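J.: Which chain is which? The protein sequence lines are A and B, in order. Our numbering numbers the first residue of the first sequence as 878 and each following residue consecutively. Our numbering numbers the first residue of the second sequence as 4 and each following residue consecutively.
Warning: the hint list may mix true and false statements.
Said to hold, decoys possible - Some chain B residues judged to face chain A by a derived CB distance under 8 Å, without partners named: (1) E9; (2) F25; (3) M27; (4) G30; (5) G32; (6) V35; (7) H44; (8) A61; (9) L63; (10) Y76.
To be verified - Here are the computed distance ranges between Cβ atoms for each label pair: (11) I1382(A) - G46(B): 24 to 34 Å; (12) G999(A) - S17(B): 31 to 41 Å; (13) S1404(A) - P33(B): 16 to 26 Å.
Hints in this document: simulated from the structure, not taken from any laboratory. Note that the structure is a prediction, hence the values are computed from the model and not measured. Every residue gets a Cβ at the ideal spot worked out from N, C-alpha and C, and that includes glycine.
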Amino acid sequence: MSFHGVTPPVQLAAIDTGAFQDAALIMLCIYLCLLLALGVLGFIKSRNTEEDYYLAGRNQGWIVSALTIMATFFSSFAFLGQPGLVYKEGAAFALFALNVPVAALVVYLVGRKVSAAGRLQGYVTPADMICGHYGNSAFLRILVALVGFLYAVPYVVIQLDAGGLVSRTTFPDSENSFLYGTYALAGVTVIYIMIGGMRSVAWTDVIQGILLIGGMLLAGIAAIAALGGITEFLEKINKLPAEMLSLPGRSGGWPATKMMTVCFFAAVGSMIQPAQWMRYYAARSKQDLRRSALLLGIVLAGCSLFGVMLIGMGGEVLYPAVTGNGVLAPNPAVGNSFDQILVVVLKNQVPEVLGGGIGLLLAALVCVAIMAASMSTADSNLHAMSAVFTRDIYGKLVRPSSSDTERTWVGRFVILAATGVAVILIRFKEDNPDFEPIKLIAEMGLLAIAFSTQLLPITIDMLFLRRGNLAGAVSGLLAGLGTVFFFTPFFSMAVRGSGSGDAAISFINNISRIIDTGAFALVANVSVFALVSRFTDGSKRESPA
Amino acid sequence: MFDNSETGNKRLSSILALVFVFAMIMGPGPGVYLVNPGPDHDGPAPTLLGLPIVYAWAVLWFGVQAAVLVTAYLTIWSRDERES
């Protein structure tokens, strides 16, 4: 039984799938070659210093800054997760697009101060600036670095995995298409980051950002065209059942309190994570960040709301979801994941609706855009992870006497090793779908933003209030991270089975349905930070901003 | 058009901040229940300009957020940079 009957798709297109796959393959090859060429160009322009490798000489103009911030912000979730959630939950999830203007505010309010301080003091990582303000504590540095890893590691693995998913959906006839997709994404990404550092990452992000914006808009046009035009599109989606057009969504999991807090924390947490922080350092001036913020807040939010979100609603008309044994599932024509709706609509509908040649090219172009969204987030997080490890761990704690060149090479090795481990884990998962480490990483990925949000109290205090001290910062961060830990699968595994443990898990599950996880942890973080700072006599320092 | 004094700047900042917070509460927040048809709604779905009402609500509050950003960009943020 489905919510409104299992019906065949409105239009089942009889397209030449082989031609679509050929077009997608050619465009992917062109795209990957272009990225490699930009990587080489970045290498030619680079100077062999740590600051140049990680921050491109702090000389990024507004177009590069805007597009690299956008491309890092929007991962494969923009093309797979968002339309997938609209397909699953309905119009309610379109409200999530309102998180992007919040992110734009963070870029300006936080970014301009971080940028100025970084230029003045030579900071490279978030911990450089935070420890510069609160005192050079190794423990605080490790905690801030840990937040960076907790954010970056799941994101890298999830993006590489998403590359495989796109490849498998695009080339379903090829037996190893998933692994080939993952290998191609990982291999090309590693090469251009290793040889060109931030310069190559940012330049490739420009291409990826343009593809991202174009792809999102094309996806919206495709959804409307697939249903026969704007009037028909609106007529058909207005006939969807009430739960598809209301909060709390079809599954009942999106009340307004949750939607509002998720919008806020998804934006803030994503914009103060290490990769974005380093983009603020890399910007040439405050003016560049001002323009970047405006472009992000209006263009990207518009593309999301008027583009990719429409695919989810159109997808429900074309491929109604079904329920079996009380479990909601995508239409069998879509596959086993709601996240595949965009690729399926593109592949099955667009070439016929928009006409052979152009339709094929546009559908293939959006597939490349999805790959670009994955790569742009993976490259930024790998690059940031490398900086955090070499600057905050290796350079400060393991070998303080290391040279610039040595640390840069260690950073390159970190990128290679991290990607290698991620690919091996994904390879094992492909052979064994129940492979636990990947499941755990995917679940940790859901909490990545909650972890990075824990830097918010420190960031606000350091840049605007200047009332906290080292003891408060460390205690608050520990309290925030500790609270997020209760929402991780590790906590559930540790306490499941006992009466009080099961009650605790049930309580945690219930409250996380109402408000975003990051909000609870932030309350603990701020309370402890304020109380400890108030009652301890830590030395306050002048803000570096 | 805009008061260029420091007081005017602060007043405009406060107004824009309040409008933005209001847009967050009204858009994705509890304000959406003013128009939300609810999962048990019978009859034709309510629409605004042909759009499903919840989607139209998102578009409306995105417009407000965008207006705040553009105003801040043209006034407060520009002045901050001229002064720094």
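J.: Hints the structure violates: just list their numbers, smallest first.
T.: Going through the list in order, the structure violates hints 1, 2, 9 and 11 and respects the others.
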